[in-house]
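2 protein chains.
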Amino acid sequence: MAVNSPLPVATDLKPVAGIEIGFAEAGIKKPNRKDVLVLTLAPTATVSGVFTMNRFCAAPVQIAKAHLAAVRDGAKPIRALMVNTGNANAGTGAVGLALANESCAALAGLLGCEAGQILPFSTGVILEPLPVGKIVAALPQAVADQRADSWFNAAEAIMTTDTQPKAASRMVDIAGHSVTMSGISKGAGMIKPNMATMLGFLAFDAKVAQPVLDALVKHAADRSFNCITIDGDTSTNDSFMLIATGAGTLVVDSVDTPEYAALAAAVTELSLFLAQSIVRDGEGATKFITITVEGGKDVEECRKVAYSIGHSPLVKTAFFASDPNLGRILCAIGYAGVDDLDVDKLNLYLDDVWVAKDGGRNPDYKEEDGQRVMSQSEITVRVKLARGAAEATVYTCDLSHEYVTINADYRS
Amino acid sequence: MAVNSPLPVATDLKPVAGIEIGFAEAGIKKPNRKDVLVLTLAPTATVSGVFTMNRFCAAPVQIAKAHLAAVRDGAKPIRALMVNTGNANAGTGAVGLALANESCAALAGLLGCEAGQILPFSTGVILEPLPVGKIVAALPQAVADQRADSWFNAAEAIMTTDTQPKAASRMVDIAGHSVTMSGISKGAGMIKPNMATMLGFLAFDAKVAQPVLDALVKHAADRSFNCITIDGDTSTNDSFMLIATGAGTLVVDSVDTPEYAALAAAVTELSLFLAQSIVRDGEGATKFITITVEGGKDVEECRKVAYSIGHSPLVKTAFFASDPNLGRILCAIGYAGVDDLDVDKLNLYLDDVWVAKDGGRNPDYKEEDGQRVMSQSEITVRVKLARGAAEATVYTCDLSHEYVTINADYRS
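Protein sequences, first through last, are from chains A and B.
Note that the first sequence covers residues 0 to 411 in numbering that gives the first Met the number 0.
Note that the second sequence covers residues 0 to 411 in numbering that gives the first Met the number 0.
Calculated from the structure, these hints are not laboratory results.
Please note that the accuracy of each hint is not assured.
[What the hints assert, rightly or not] Result set (DSBU-like, lysine-lysine): computed pairs, CA atoms no more than 30 Å apart in a straight line:
1) K296(B) to K64(A)
2) K365(B) to K28(A)
3) K303(A) to K296(B)
4) K64(A) to K303(B)
5) K64(B) to K296(A)
6) K64(A) to K344(B)
7) K303(A) to K133(B)
8) K133(A) to K383(B)
9) K133(B) to K28(A)
10) K356(A) to K217(B)
11) K356(B) to K64(A)
12) K365(B) to K365(A)
13) K64(B) to K383(A)
14) K296(A) to K303(B)
15) K303(B) to K303(A)
16) K383(B) to K64(A)
17) K296(B) to K133(A)
18) K365(B) to K303(A)
[Said to hold, decoys possible] Going by beta-carbon spacing under 10 Å, a handful of chain A positions derived as facing chain B:
19) G231
20) V250
21) D357
[Stated by the list, open to error] Stretch by stretch, here's where chain A covers chain B in the computed footprint (C-beta under 8 Å, at least three residues):
22) 13-21
23) 89-97
24) 128-136
25) 287-293
26) 300-312
27) 320-329
28) 386-393
Beta carbons: idealized from backbone N, C-alpha and C, even for Gly.
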């Protein structure tokens, strides 16, 4: 199930010059399923990423961060990214780090580079040992099958409880240069990214200096993967990686250029599409909810209010039921932690319907108007705080029986 | 459904000298259902309470707080408490305040006192106008039927989505004085009290000075109603009221006495029973979970970690499924917001089973041991942070299909 299921899946995914993709069926959790992905990069590529803030961040996250930091300090550039599903290699302590390093070394051996030039990513069950033997055995196949046009396979290879692959391509013209970008993402539960999503990879063929790419990935993540929530659970493995292969003609050396601004806009748009695709395919989701909070003193308090609404099980079940029980939204605003909030100035809209006026029920509000909007599969909640000029938007989904079923059965 | 359903309901509820109870069927939301409750107090009584921290606190909460404050400033003592179900009178602005005051005035007229001597309480749907006419019409019946032994009826009259009434009595001997205490509570969803529960009323027949009672209610709430969560939604109407009728022989004038200590222990024990009863009857609950976090730097961070576990939909669905998918607990600890947490020192136990050792899977942990504990209806999660000497305990329940069903259907 997904909102407006089936979701449109792009079938015209475009190869990005400077990046090749291979995959394999390692049988990590289940047989006959793509579960290992390898992306190899041109020597000209730069890579940057944002990662989970979870203190129990997974072993591969720790290693990927260390390898990226080493590159910034002058080590050899990243040659490949490696992803496995079926096991998160999180909550696994020193043993988990050793196993992740072992998989990096195995891939480095196949590619003739150093282990430090590999970025590992894992997603799946936490607290179970990584079956590194299966992964190492599958890597030669993934490397042998490398192709530039395997983006759809890549999107499939990183799926877990996702019902559909998530991928899209864009071609944009920036200052006379044609830039091709393709991206994939995965994730359907344990989604409340704080620095990134479960997994997202976005590549394009411009040449971008490392500090510029570092700024760009943060810019895009803050406006996409960091604005979504499904169940409020910030995963141990969230990673969003941006790859500039350097194989095209556009060169961006500074953030203070029109080229950077145009590239940032395009990358952010595609990132937002990939992030919203995760919400639309949220575990058990039947509705896609946009929550916009305006008039806050700062963005932080707007996000607090938006997440408070987006995480409330009572609000989410009301959306599932198409029930305009909208007092639950006021309640969630009230406990969002904005201590000096003056509720008498607060206004609440559901799409075009003015529900609460100056902190109370709008005298002109009619239940049937609320009912009409709640029955839609895409709904916008708009809150006006009347405290300042800041605003923030968060994307989420409803909470259905299917969510409980999926998560009560996940390991079986 | 409730944990270990049906819950034991005390049938030997004891009258508390100095308090009389009446109820009525006002038909606020449904006919033929007790939905109005009146508790009248002896002139010797003192009353104190703790209330929701939700900024959208309901009209009756605002009025009850104001009336209690006036008493502390020398106004006439509280004569009666009045409760209605079926409508929360929250998110109702100035109109809601006027309607709540109207109901206070009506009851005051019947009792021959001032409106300021009445404390109003409401619970039910938010954002809908209070049908004050129905309440006012029902009050004479509630006043006419006042009896000392109607505690069970009182517990029934405040139920909403509760499947069972929640009530208990205790008789304790303090310094040679026999003290009788009876209490009731209600609530099954929108439960993450921050200063109190949905509704809890506890009365006893000792004579207690106002400042002492103010300290006592906070002491008891912090160790009971403020340690539970069902869905993380802090209600607009949470109130926990403590009533010392003054009709018995025990007098407590200071917190620095053995009598206060004994009374505080007894009141806290009964409060905890009433609070835990709410969790056991949590919407759709099939399991009762105790989460104890030890070794924190302060109580606040222990509570953060405990609530992070207790609110995680993924942890709660794993409990529902009896699935020892315990990495989800580590994940929730990791995003609890303890920024300098050293996960390599963390240990996790499920009852007597040592699951995670020094941040990773305990090599001696066996899946079947975790499975055995997860299959129980009462489970203790114990986290050792190894950062200090503070600890905290939170009580919660699982997240089941039934929760979604109840909250998707609540208003229909």
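Now for the hints, and whether the structure bears them out:
Simply put, K296(B) and K64(A) have alpha-carbon atoms about 29 Å apart, close enough for the 30 Å limit, and the pair holds. Annotation: proposed proximity of K365(B) to K28(A) holds, straight-line Cα distance about 19 Å (limit 30 Å). With a C-alpha separation of about 26 Å, the suggested pairing of K303(A) with K296(B) holds against the 30 Å cut-off. As the CA atoms of K64(A) and K303(B) are separated by approximately 27 Å, the hinted pair is consistent with the 30 Å bound.
Among the hinted pairs, K64(B) with K296(A) is consistent with the structure: their alpha-carbon atoms are about 29 Å apart, no more than 30 Å. Proximity of K64(A) to K344(B) is assessed by CA-CA distance (about 22 Å); at most 30 Å being required, the pair is judged to hold. Pair hint K303(A) plus K133(B) does not hold up; C-alpha atoms about 39 Å apart against a cutoff of 30 Å. For the suggested pair K133(A) and K383(B), the alpha carbons sit about 34 Å apart, so the restraint of at most 30 Å is broken.
Proposed proximity of K133(B) and K28(A) is contradicted: the alpha carbons are some 61 Å apart, above 30 Å. For a cut-off of 30 Å, the pair hint linking K356(A) to K217(B) is broken: about 35 Å separates their Cα positions. Restraint check for K356(B) and K64(A): the C-alpha separation of about 25 Å stays at or below 30 Å, so the hint holds. Restraint check: the Cα-Cα separation between K365(B) and K365(A) comes to about 57 Å, which exceeds 30 Å; the hinted pair is violated.
Straight-line distance between C-alpha atoms of K64(B) and K383(A) comes to about 28 Å, which keeps the hinted pair within the 30 Å bound. For the hint linking K296(A) to K303(B), the alpha-carbon distance of about 26 Å falls within 30 Å, and the restraint holds. Pair hint K303(B) plus K303(A) holds up; C-alpha atoms about 16 Å apart against a cutoff of 30 Å. Using a Cα cut-off of 30 Å, the hinted pair K383(B) and K64(A) holds, with the two alpha carbons roughly 28 Å apart.
Restraint check: the Cα-Cα separation between K296(B) and K133(A) comes to about 42 Å, which exceeds 30 Å; the hinted pair is violated. With a C-alpha separation of about 40 Å, the suggested pair K365(B) and K303(A) falls outside the 30 Å cut-off, and the hint is violated. This hint holds: G231(A) has a C-beta 7 Å from the nearest C-beta of chain B, less than the 10 Å allowed. A cut of 10 Å between beta carbons decides the hint on V250(A): the least distance to chain B is about 38 Å, and the hint is violated.
Annotation: D357(A) was flagged as interfacial toward chain B, and the flag holds, the nearest CB pair being 7 Å apart, inside 10 Å. Counting residues of the stretch 13-21 of chain B whose beta-carbon sits less than 8 Å from any beta-carbon of chain A gives 0, not enough to reach three: the coverage restraint is violated. Counting residues of the stretch 89-97 of chain B whose C-beta sits closer than 8 Å to any C-beta of chain A gives 7, which meets the bar of three, so the coverage hint holds. Under a criterion of three residues with beta carbons nearer than 8 Å to beta carbons of chain A, the stated coverage of the stretch 128-136 of chain B fails, only 1 such residues being counted.
Using a Cβ-Cβ cut-off of 8 Å, 0 residues of the stretch 287-293 of chain B lie near chain A, which falls short of the minimum of three, so the contact claim is violated. Requiring three or more residues with a Cβ within less than 8 Å of a Cβ of chain A, the coverage given for the stretch 300-312 of chain B holds, as 3 such residues are present. Counting residues of the stretch 320-329 of chain B whose beta-carbon sits less than 8 Å from any beta-carbon of chain A gives 7, enough to reach three: the coverage restraint holds. Residue count for the stretch 386-393 of chain B with a Cβ under 8 Å from a Cβ of chain A: 0. That is fewer than the three needed, and the coverage hint is violated.
When the structure is compared with the earlier hints, violations turn up for hints 7, 8, 9, 10, 12, 17, 18, 20, 22, 24, 25 and 28 and for no others.
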